[in-house]
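Asker: Top line first, the protein sequences correspond to chains A and B. Counted from 1, the first sequence has number 60 at position 60 by this note's numbering; the numbering is strictly sequential. Counted from 1, the second sequence has number 119 at position 3 by this note's numbering; the numbering is strictly sequential.
Please keep in mind that the hints were generated in silico from the structure rather than gathered at the bench. By construction, the Cβ of each residue, glycine as well, lies at the ideal position given by its N, Cα and C atoms. Just so you know, not all the hints are guaranteed correct.
Residues from chain B that face chain A, not an exhaustive set, calculated with beta carbons under 8 Å [unchecked claim]:
{"id": "1", "residue": "TYR155"}
{"id": "2", "residue": "GLY159"}
{"id": "3", "residue": "LYS165"}
{"id": "4", "residue": "LEU172"}
{"id": "5", "residue": "TYR215"}
{"id": "6", "residue": "ILE218"}
Under the rule of at most 30 Å between Cα atoms (straight-line distance), these lysine-lysine pairs were calculated in the DSBU-like manner [unchecked claim]:
{"id": "7", "chain 1": "B", "residue 1": "LYS165", "chain 2": "A", "residue 2": "LYS57"}
{"id": "8", "chain 1": "B", "residue 1": "LYS193", "chain 2": "B", "residue 2": "LYS165"}
{"id": "9", "chain 1": "B", "residue 1": "LYS193", "chain 2": "B", "residue 2": "LYS138"}
{"id": "10", "chain 1": "B", "residue 1": "LYS138", "chain 2": "A", "residue 2": "LYS57"}
{"id": "11", "chain 1": "B", "residue 1": "LYS174", "chain 2": "B", "residue 2": "LYS185"}
{"id": "12", "chain 1": "B", "residue 1": "LYS174", "chain 2": "B", "residue 2": "LYS138"}
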Amino acid sequence: DTGVSQNPRHKITKRGQNVTFRCDPISEHNRLYWYRQTLGQGPEFLTYFQNEAQLEKSRLLSDRFSAERPKGSFSTLEIQRTEQGDSAMYLCASSLPGQANTGELFFGEGSRLTVL
Amino acid sequence: AQSVAQPEDQVNVAEGNPLTVKCTYSVSGNPYLFWYVQYPNRGLQFLLKYITGDNLVKGSYGFEAEFNKSQTSFHLKKPSALVSDSALYFCAVRDDSSYKLIFGSGTRLLVRP
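Please put together the full structure from these sequences, using the hints given.
Answerer: Below, the structure written as structure tokens:
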């Protein structure tokens, strides 16, 4: 399978714990996005990487959230000191370079976080 | 600021009938518009996009969308609905000052046999 891969698919944690999600994009895609989706809502933009550079970050991304893409391939999203309000589906997407491809995203199946 | 509105939470249509899922947008620059579909327990899938050119764009699975600049709308359409089209549909927009897509809240399409 050469699609976008996300792990783990589901994480249950207690409030105050740290969690980390991993995303492996499609290999030739240099752009990588993180979104968050809660029930009944559309995906909300969190952050965007082009290669290893984090070029855009939402104000939704508080100081408890950090994302990295150290070698321009896979990416991690860490949430420190989780809160119940962090419970959501975390979506990763990737896309090809070029203006024409901007917005044509390939999404993974998501990592569902449940904070108890 | 960019925004997208999908005024209908759900659209119901009989199989074989035409369908329309509505979307209106607001951007400060040139709009780039997209439709995505989400089937149960599956990731979001790109359907089609409007960047420039013809106002009627064609996409996957027989869907098309009509860009209307004066009404700031980008409605999704299909001439003949299939039961398998039942899913959650999201409209999204970006402008040329940003890489991020802003998604609407989604419209559930239910096609009854």
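Asker: Look at each hint and say if it fits the structure.
Answerer: Hints versus structure:
Taken as an interface hint, B:TYR155 does not check out: its beta carbon lies about 11 Å from the nearest beta carbon of chain A, beyond 8 Å. At its closest, the beta carbon of B:GLY159 sits 4 Å from a beta carbon of chain A; the interface hint therefore holds under the 8 Å criterion. Given hint, B:LYS165 at the interface with chain A, holds; its Cβ is 6 Å from that chain's nearest Cβ, closer than 8 Å. A distance limit of 8 Å between C-beta atoms decides the matter here; for B:LEU172 the minimum to chain A is near 18 Å, and the interface restraint is violated.
Among the interface hints, the one on B:TYR215 holds; its C-beta lies about 5 Å from the nearest C-beta in chain A, closer than the 8 Å criterion. Here the hint on B:ILE218 is kept, as its CB sits about 7 Å from the closest CB of chain A, short of 8 Å. For the hint linking B:LYS165 to A:LYS57, the alpha-carbon distance of about 24 Å falls within 30 Å, and the restraint holds. At roughly 13 Å between alpha-carbon atoms, B:LYS193 and B:LYS165 fall within 30 Å of each other, so this suggested pair holds.
Restraint check for B:LYS193 and B:LYS138: satisfied, since their Cα atoms lie roughly 9 Å apart, inside the 30 Å limit. Among the hinted pairs, B:LYS138 with A:LYS57 is consistent with the structure: their alpha-carbon atoms are about 29 Å apart, no more than 30 Å. Only pairs whose Cα atoms come within 30 Å are accepted, and B:LYS174 paired with B:LYS185 is accepted, the gap being roughly 17 Å. In summary, the hint linking B:LYS174 to B:LYS138 is supported, as the alpha carbons are separated by about 16 Å, within the 30 Å threshold.
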